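Colleague: FYI, the UniProt record's numbering numbers position 121 of the sequence shown as 121, with every residue one higher than the one before it.
Note that these hints are calculated values from the structure, not bench results. Mixed in with the good hints, there may be bad ones.
Calculated pairs, DSBU-like style, for lysine-lysine (alpha carbon to alpha carbon, straight line, at most 35 Å) [to be verified]:
id : residue 1 : residue 2
1  : Lys83     : Lys99
2  : Lys123    : Lys64
3  : Lys50     : Lys66
4  : Lys83     : Lys66
5  : Lys99     : Lys50
6  : Lys45     : Lys83
7  : Lys64     : Lys83
8  : Lys99     : Lys66
9  : Lys45     : Lys99
10 : Lys99     : Lys123
11 : Lys50     : Lys123
12 : Lys66     : Lys45
13 : Lys45     : Lys123
14 : Lys123    : Lys83
15 : Lys123    : Lys66
16 : Lys64     : Lys99
17 : Lys50     : Lys64
18 : Lys45     : Lys64
Since this is a predicted model, take the numbers as computed values, not measurements.
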Amino acid sequence: MNVIDSSLWMEYFLGNDIDFSIRSAIVNIDSLIVPTICVYEVYRKMLTEKDSSVAYVLAGIMRKGKIVDITCDIALLAAGLSKQHGLPMADSIIYATAKINNAILWTQDQHFRHLDAVNYFPKFSI
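Sequences are here, hints too, so could you generate the full structure?
Modeller: Below you can see the structure in the form of structure tokens.
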């Protein structure tokens, strides 16, 4: 199972150059877990980058995966992970969602790079 962090969803939707393995993880809908907070973050960003109808269609693409709401168990684990690793709230919720679902987190956010069950891809720079 895979959780795609908001950073990679945005790169994918903006048509930026991303690794083929990331594209493969995104289109493998049967193995895709989508935390609701990722839907929020991506939809919010796409509202500024695209128009609202495009943002809504892109959110619909995300909804093809297994949507996971924030449960009490996820919230409690996220709080502990936030304290342990210094993660911001949204990122700790995303990471907790991956851990509870025994999934790999795919991200380009640096603060995840040394954590277990993470596929980290540094941001491409010229």
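Colleague: Each of the hints needs a verdict: does it hold here or not?
Modeller: Here is how each hint holds up against the structure:
1. Lys83 <-> Lys99: 16 Å, holds
2. Lys123 <-> Lys64: Measuring from Cα to Cα gives roughly 26 Å; hence the hint holds.
3. Lys50 <-> Lys66: 25 Å, holds
4. Lys83 <-> Lys66: Holds, at about 27 Å.
5. Lys99 <-> Lys50: 32 Å, holds
6. Lys45 <-> Lys83: 27 Å, holds
7. Lys64 <-> Lys83: 32 Å, holds
8. Lys99 <-> Lys66: OK: Lys99 and Lys66 at ~15 Å, within 35 Å.
9. Lys45 <-> Lys99: At roughly 25 Å apart (the allowed maximum being 35 Å), Lys99 and Lys45 satisfy the hint.
10. Lys99 <-> Lys123: Given that 35 Å is the threshold and the Cα spacing comes to 23 Å, the pair holds.
11. Lys50 <-> Lys123: Holds, at roughly 21 Å.
12. Lys66 <-> Lys45: Status holds; Cα separation ~21 Å.
13. Lys45 <-> Lys123: Status holds; Cα separation ~17 Å.
14. Lys123 <-> Lys83: 25 Å, holds
15. Lys123 <-> Lys66: Holds. Lys123 to Lys66 sits at ~26 Å (cutoff 35 Å).
16. Lys64 <-> Lys99: OK: Lys64 and Lys99 at ~21 Å, within 35 Å.
17. Lys50 <-> Lys64: 20 Å, holds
18. Lys45 <-> Lys64: 19 Å, holds
Checked against the numbered hints above, the structure violates none of them.
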